[in-house]
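Student: The chain contents come next:
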Amino acid sequence: MSHQLTAGICKRLFEADEPDDNLLELRPTVQFLSYKKVATGGAGSNVDRYRIIVSDGEHFLQSMLSTQLNYLIEENHIAKHTIAIIDKFTCNMVQGKRLLIVLGLTVVAKVSDKIGEPTALQAPPGARSAAHSASPAPDGPVSAPSASSGPTPAPGPQSSIQRQASKGGRNSAIFPIESLSPYMNNWTIRALVTQKSDIRTWSNAKGEGKLFSVVFVDDTGEIKATAFNKAVEDLYEKFQDGKVYYISKARVNLAKKKFTNVTNEYELTLERNTEVQECHDVVNAPTIKYKFVDIVELGNLEKDATCDVLAIVKEAGPLGEITTRSSNKTIMKRELTLVDRSGYTVRLTLWGAQAEQWSAEDQPVVAFKGVKVGDFQGRSLSMAMSSTMQINPDISEAHVLRGWYDAGGAEQSYQSHTNASSGGSGLAFKREEICPLEEVRELGYGEPDKPDVFSSRATVMHIKPDNLTYPACPTTGCHKKVVEVTDGWRCEKCSVTHEKPQHRYIVSAAVADWSGQLWFQGFHDAGQVIFGMTADELVEIRENNDSQYQNVLERAVGSTYNFVCRAKQDSYNDNIRTRYGISRIEPLNYAEEGKYIANLLRSEWAQ
Amino acid sequence: MSEHATPRVNSAILNNYIGRSVRLTCKTLRVNPDVALVEASDGGQITVRMLPDAVMPSQFVEIICQVQDPSTVKMQACINLGDKLDMKLVNDVVELSHDSRFTNMFNY
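Chains as they are written, first to last, in UniProt numbering: chain R, 1 to 607; chain B, 1 to 108.
The hints are simulated quantities; they were obtained by calculation from the structure and are not laboratory data. Be a bit skeptical, because a hint or two may be false.
[As the list claims (entries may be wrong)] Here are the simulated PhoX-like cross-link-like pairs (lysine-lysine), alpha carbons at most 25 Å apart as the crow flies:
#1 R:LYS372 / R:LYS314
#2 R:LYS303 / R:LYS257
#3 R:LYS291 / R:LYS196
#4 R:LYS595 / B:LYS74
#5 B:LYS84 / R:LYS595
#6 B:LYS88 / R:LYS430
#7 R:LYS110 / R:LYS196
#8 R:LYS110 / R:LYS37
#9 R:LYS480 / R:LYS500
#10 B:LYS27 / R:LYS595
#11 R:LYS206 / R:LYS238
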């Protein structure tokens with residue numbers, strides 16, 4: 001079976017002056033003669049690149065495979081002598097030689113023989129190579145037609161618009177961000193600036209410096225760019241959030257994943273000779289891609305996950321200050337109350353400059369990207385280093401939301417995720433992190449520098465019968481112990497005397513699991529779960545019917561619960577004791593726990 | 001002791017224990033005075049020859065029985081499990097207890 005290769009394509013590519021549209025829109029059929037893995041330089045890189053020899057039956061050319069297609073070689077879709085149609089490619093001059101970069105391909109067949117007798121192409125005449133290896137070709141008849149070329153993400157009919165718009169002094173091909181690699185040195189990208197950071201200075205052993213960074217986004221991807229020292233002075237003013245620029249002549253390096261969560265293996269370093277030009281072509285401007293989550297679904301996300309949210313800012317709190325315990329720095333913060341059509345509300349915290357600059361014009365629609373989910377009081381959101389927000393963005397979902405709110409959404413009452421969490425601390429029970437009690441004791445939870453919150457599953461073994469309840473002030477929110485006076489019970493905090501106190505639990509229980517036993521302290525919520533009745537009811541039984549009281553106490557023992565506890569150290573007359581307070585206590589849902597364990601046994605861990 | 005052990009089974013595993021006593025955790029579908037139709041934890045249906053005057057106390061039961069053929073058993077005793085039971089979880093337990101990794105935990 002012989003396949004028809006696009007004969008002559010290699011020669012044409014080799015000899016073409018500039019990549020012109022016709023050439024790049026061709027989808028030639030070629031054969032891969034061989035491939036070789038090339039290690040990319042730089043520490044910490046675990047990405048290989050493959051160099052392939054591409055033949056058209058008459059000649060062969062060197063080419064590089066775009067990394068997103070690496071899997072084709074690794075999974076053996078491409079092997080020696082495979083025939084494929086190249087859907088998308090671009091051409092570059094590297095050291096005077098033409099290099100093809102394959103961005104997309106379709107495998108046609110795997111063949112065992114080489115087709116034809118392809119030979120190497122002659123090195124191009126000196127003059128041509130000199131002209132090509134110079135950076136952006138000087139203005140000339142070549143500039144207009146080459147303004148838009150095959151690899152740009154813009155679909156065919158729109159490329160003519162780009163061509164017209166970019167006649168103003170731009171003279172090299174636009175590359176997609178996804179194709180950027182250290183192998184290319186003559187590229188221009190057209191991208192939107194989404195996160196411009198402030199100028200930050202540092203000083204370490206090697207001296208001082210300053211930097212700022214931006215994130216560029218286009219239709220194919222995103223990439224972070226940083227400018228250092230002198231470049232900062234030149235370039236800081238040139239970039240503005242939300243505007244589109246043409247950028248060229250920046251250095252492509254391997255990304256330092258530690259400092260960013262932008263998905264790209266590479267990042268750019270902006271230097272003094274980096275060219276930045278604002279793009280006034282509004283048509284087809286790259287926009288930020290969102291994947292919005294309804295507020296009601298935040299409950300399904302784990303703590304510390306990131307997500308995108310589109311909501312109306314119903315209320316914006318005042319600017320506040322917080323002093324961090326660790327570094328004693330004061331940070332500005334502001335809380336926004338968000339609502340959306342799911343009927344739920346959530347609070348989002350802005351920090352630093354964003355908190356200060358927030359100008360609450362009545363209830364705008366805001367799109368948030370990459371905000372962090374927290375579990376403060378059920379569910380909460382917070383802006384992280386890489387989060388962005390767009391006020392009243394021009395996207396259809398935002399308009400729909402605005403319409404809904406103005407038509408009556410504003411009057412709706414909303415639910416929040418603040419579900420019953422004992423003690424209002426909103427800590428979740430994490431069954432994956434269950435800590436055996438003996439380990440809690442051994443690891444010294446509660447000591448300084450050690451974690452203090454833990455989840456456990458244990459059985460109540462014994463409850464201290466004395467001092468199980470105390471009379472408390474019935475005023476909601478005030479749980480202070482009240483003292484019996486002549487005509488009632490007096491609360492010092494509220495300065496009110498009540499006729500009857502509301503009894504509340506203070507439970508001291510010995511709990512045990514397979515590893516060991518610890519004493520846990522619980523308050524009213526814990527007591528209610530353990531005894532199954534309010535403290536008032538228990539007090540009544542205690543005063544009236546002793547045997548029934550004993551019964552109740554006995555029944556409370558032997559039940560197993562899921563606990564979330566906080567360990568704290570107290571000193572008692574020179575003794576340091578760790579006390580374990582119950583933040584959350586939940587009876588077991590056996591079906592759920594059983595399912596979790598069954599899945600665990602089937603997971604990789606159990607093999 | 002292994003002859004007295006009654007492994008917990010579902011309709012598929014039942015096949016391996018023909019002639020032996022097993023436990024079948026199941027949901028009752030149809031009860032007649034002498035024969036009942038039940039659904040095992042993996043969905044398979046089994047016919048149960050009941051003891052005279054026996055009563056199926058609730059919707060979910062565990063029947064200790066002797067296996068006659070892949071779809072029929074003879075009831076020896078019956079345990080009431082109430083009206084609510086997660087059969088998927090039961091099936092997980094049944095299958096995992098026969099899993100080769102855990103043979104030394106179960107005296108089957």
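Student: When the structure is checked against the list of hints, which entries are broken? Sort them ascending.
Tutor: Result: hints 4, 7 and 11 break, sorted rising.
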